[in-house]
Amino acid sequence: MHELGIVRNIVAIVGDAAKGRRVHRVTLDIGKLSGVMPDAIAFCFETVAQGTMLEGATLEIRRIEGRARCDACGSEFTADTLFTPCSCGSRRFTRLQGEELNIKSMELEQEVA
Amino acid sequence: MCGHCGCGDKTGATVLNLQTGEKMTMGSHSHEHGPDHRHPHEHDHARNGGVGHTHDHEHQHQHESSHVHDHVHPDGSRHSHAHAHEMGHHDHGHGGDHGHQLRAAPAVVELETRILARNDALAAKNRAWFAGREILALNLVSSPGSGKTTLLERTIRDLKSELKFYVVEGDQATANDGERIRAAGAPAVQVNTGTGCHLEADMVARGLAELKPPPGSVVMIENVGNLVCPAMFDLGERAKVVILSVTEGEDKPLKYPHMFRAAEIMILNKTDLLPHVDFDVSRATANAREVNPDITVLLVSARSGEGLADWYGWLRREIGRAREAVFA
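Protein chains in written order, with our numbering: chain A, 1 to 113; chain B, 1 to 328.
Derived by calculation from the structure, the hints in this document are not laboratory data.
We treat Cβ as the ideally placed atom computed from N, Cα and C, and that holds for glycine.
One should not assume that every hint holds.
[Said to hold, decoys possible] Label-pair ranges, simulated between beta-carbon atoms:
#1 A:Ile61 - B:Ala173: 30 to 38 Å
#2 A:Cys73 - B:Arg317: 30 to 38 Å
#3 A:Ser75 - B:Ser304: 42 to 50 Å
#4 A:Phe43 - B:Arg323: 41 to 49 Å
#5 A:Glu65 - B:Leu254: 14 to 22 Å
#6 B:Leu254 - A:Ala72: 17 to 25 Å
#7 B:Gly313 - A:Glu46: 22 to 30 Å
#8 A:Thr81 - B:Ala117: 20 to 28 Å
#9 A:Lys19 - B:Glu22: 34 to 42 Å
#10 A:Ile61 - B:Val281: 36 to 44 Å
#11 B:Lys212 - A:Ser87: 50 to 58 Å
Turn these sequences into a full structure, and let the hints steer you where they fit.
This is the structure in structure tokens:
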């Protein structure tokens with residue numbers, strides 16, 4: 001259940017960046033090949049956020065599909081698994097996207113002038 | 001967990017220095033909250049034991065940044081208070097078009113931060129620390145029971161006249177493995193992760209502070225037996241060594257591709273048992289290469305000693321590379 005540790009990291013990073021302001025929304029980019037289950041993230045988030053500036057915040061998870069560029073033939077292809085080969089048969093490729101585990105943005109309560 | 005920011009706790013994680021017997025608990029942490037750190041108050045509109053009220057008031061106010069209005073509670077008391085309309089999400093909970101626009105846009109802050117940025121940064125610090133001391137650090141990962149500790153014991157016994165080994169032992173509980181390593185002749189610290197299913201870079205840093213491995217030594221980090229999470233947490237090692245024993249399935253590389261892709265070398269252990277099990281070495285190797293075409297595969301038996309010469313050869317080459325890498 002490494003998702004719990006990951007959620008703690010999310011809450012820590014966003015909480016620090018919010019500098020005491022309330023957080024209304026957190027947007028994550030989670031690659032389909034990242035090895036992290038979005039459902040488990042969402043499940044842990046509400047609990048971990050309790051008592052922090054993120055309490056009650058909406059969690060938005062954007063899935064990023066796996067893509068790679070073949071080292072042999074140079075073509076780009078979609079990869080559903082971490083080791084999907086290129087259609088030319090090569091297993092050597094450069095990952096372009098799909099392993100993201102990023103906090104994209106947060107939406108904060110605005111300061112009242 | 002920290003009530004302010006929920007920062008990753010290491011509840012229950014302890015570091016035991018097996019040389020001194022001293023035990024430390026992790027999780028005491030400090031963090032910098034800016035000087036402007038504050039805790040905004042909340043109020044809900046419930047009084048007298050939680051009885052709510054509805055807003056029953058006329059809308060003659062202007063929606064600038066805030067407004068004041070009166071309203072009446074169920075008990076008949078009346079008061080006025082200010083509303084801030086900062087987010088544009090304020091819900092009055094009553095029908096009717098007010099004909100007003102809330103202009104303030106939500107404050108969206110782009111973060112573009114890796115979720116594991118903190119661990120990555122600490123791992124980079126560990127890596128630089130190792131490099132500066134020409135220390136080879138390896139992260140040993142596997143399922144529980146693959147023979148990591150036995151392989152380490154044997155390696156230490158066979159090579160201790162040649163190499164200085166220091167070991168960070170990770171387990172959820174007990175100092176059993178750390179004691180075994182000590183008995184084999186290497187200084188060790190036992191990190192007990194408590195509920196944690198993997199080692200993290202800060203635990204290793206804490207372990208190193210206790211171990212104090214000298215320049216030119218070899219640091220073996222034996223991770224918690226688990227083929228999932230340890231793949232995600234960089235510890236600052238030069239390479240991950242994944243150990244698969246022939247009593248497991250040949251398809252583990254396909255079932256746990258992250259780990260086998262992150263590893264530089266796969267050690268197939270317990271080869272002395274091959275005559276007694278249905279393990280197909282060539283299939284296991286093909287599966288590992290399907291996930292990671294460049295992975296080195298070695299067949300060893302930590303018990304009989306078969307194949308260990310290849311493992312020691314690989315270790316010596318990596319030690320050479322760790323030294324060359326200092327000025328690379």
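Hints breached by this structure = Hint 7 alone not satisfied by this model.
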